[in-house]
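Chemist: Please construct the entire structure, taking both the sequences and the accompanying hints into account.
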Amino acid sequence: QVQLQQSGPGLVKPSQTLSLTCAISGDSVSTNSAAWNWIRQSPSRGLEWMGRTYYRSKWYNDYAVSVKSRISINPDTSKNQFSLQLNSVTPEDTAVYYCARERGGVDYWGQGTLVTVSS
Amino acid sequence: QSVLTQPPSASGTPGQRVTISCSGSSSSIGSNTVDWYQQLPGTAPKLLIYSNNQRPSGVPDRFSGSKSGTSASLAISGLQSEDEADYYCAAWDDSLNGRVFGGGTKLTVL
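Residue numbers (this note's numbering), protein chains in the order written: chain A, 2 to 120; chain B, 9 to 118.
Rather than coming from a laboratory, the hints here were simulated on the basis of the structure.
All C-beta atoms in this analysis are idealised placements derived from N, C-alpha and C, irrespective of residue type, glycine included.
Warning: the hint list may mix true and false statements.
Sample of chain A residues facing chain B (criterion: CB under 7 Å; computed from the structure) [stated by the list, open to error]: (1) 99; (2) 105; (3) 113; (4) 115.
Modeler: Okay, here's the thing in structure tokens:
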């Protein structure tokens, strides 16, 4: 059974960097048959896909146009996890953030982390 | 405003059949497969349908999906009270090079 365990701060100050980590059990971040996503949800923006990382003989990333200039998603093969960094946050980045596995559909989700951007 | 368009609400009585629509474009639904998710309050979304009409293991066959052109539909037959939830469609969009979601449909079981 795949499990995704998220960790990271729930409060970030404006202009700073939001950092979250997703630890994977029951699968490998280096698998050739899945992609590892970050998705957020807020009342104003609904469900918003942010980006993904995946391995197909080499590492690839795809990022949403809305955050492309501020986002980085990186795998950590030594710890079997992947991370999200979102720079220069504003209150509009306040949301519940989910990590998730994509294999066919998005079939496994982390527990969600409410991140509030506030001074 | 979401890239995929869903009705904000739907309703039905127990035992009834309900459908939820999802409208996209040639670069999203018209070129890629559609997924459907169910979200209960306070929980992460759950995959209901993938690749237009495939059910993951454990999803009841009361849930079915279909796609035609740039639109897709989720059908729920034999409606039950526990089906009351928010439902989202999703697809890859080739123009945006990203996954896009619908705005969600809140299903009420009367």
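Chemist: Take the hints in turn and mark each one as holding or not.
Modeler: Structure-based check of all given hints:
Proximity of residue 99 of chain A to chain B holds as hinted, the smallest CB-CB distance being about 6 Å (cut-off 7 Å). A cut of 7 Å between beta carbons decides the hint on residue 105 of chain A: the least distance to chain B is about 4 Å, and the hint holds. Of the supplied interface hints, the one on residue 113 of chain A holds, with its beta-carbon coming within about 6 Å of a beta-carbon of chain B, less than 7 Å. The interface hint given for residue 115 of chain A is violated, since its Cβ lies 11 Å from the closest Cβ of chain B, which is over the 7 Å cut-off.
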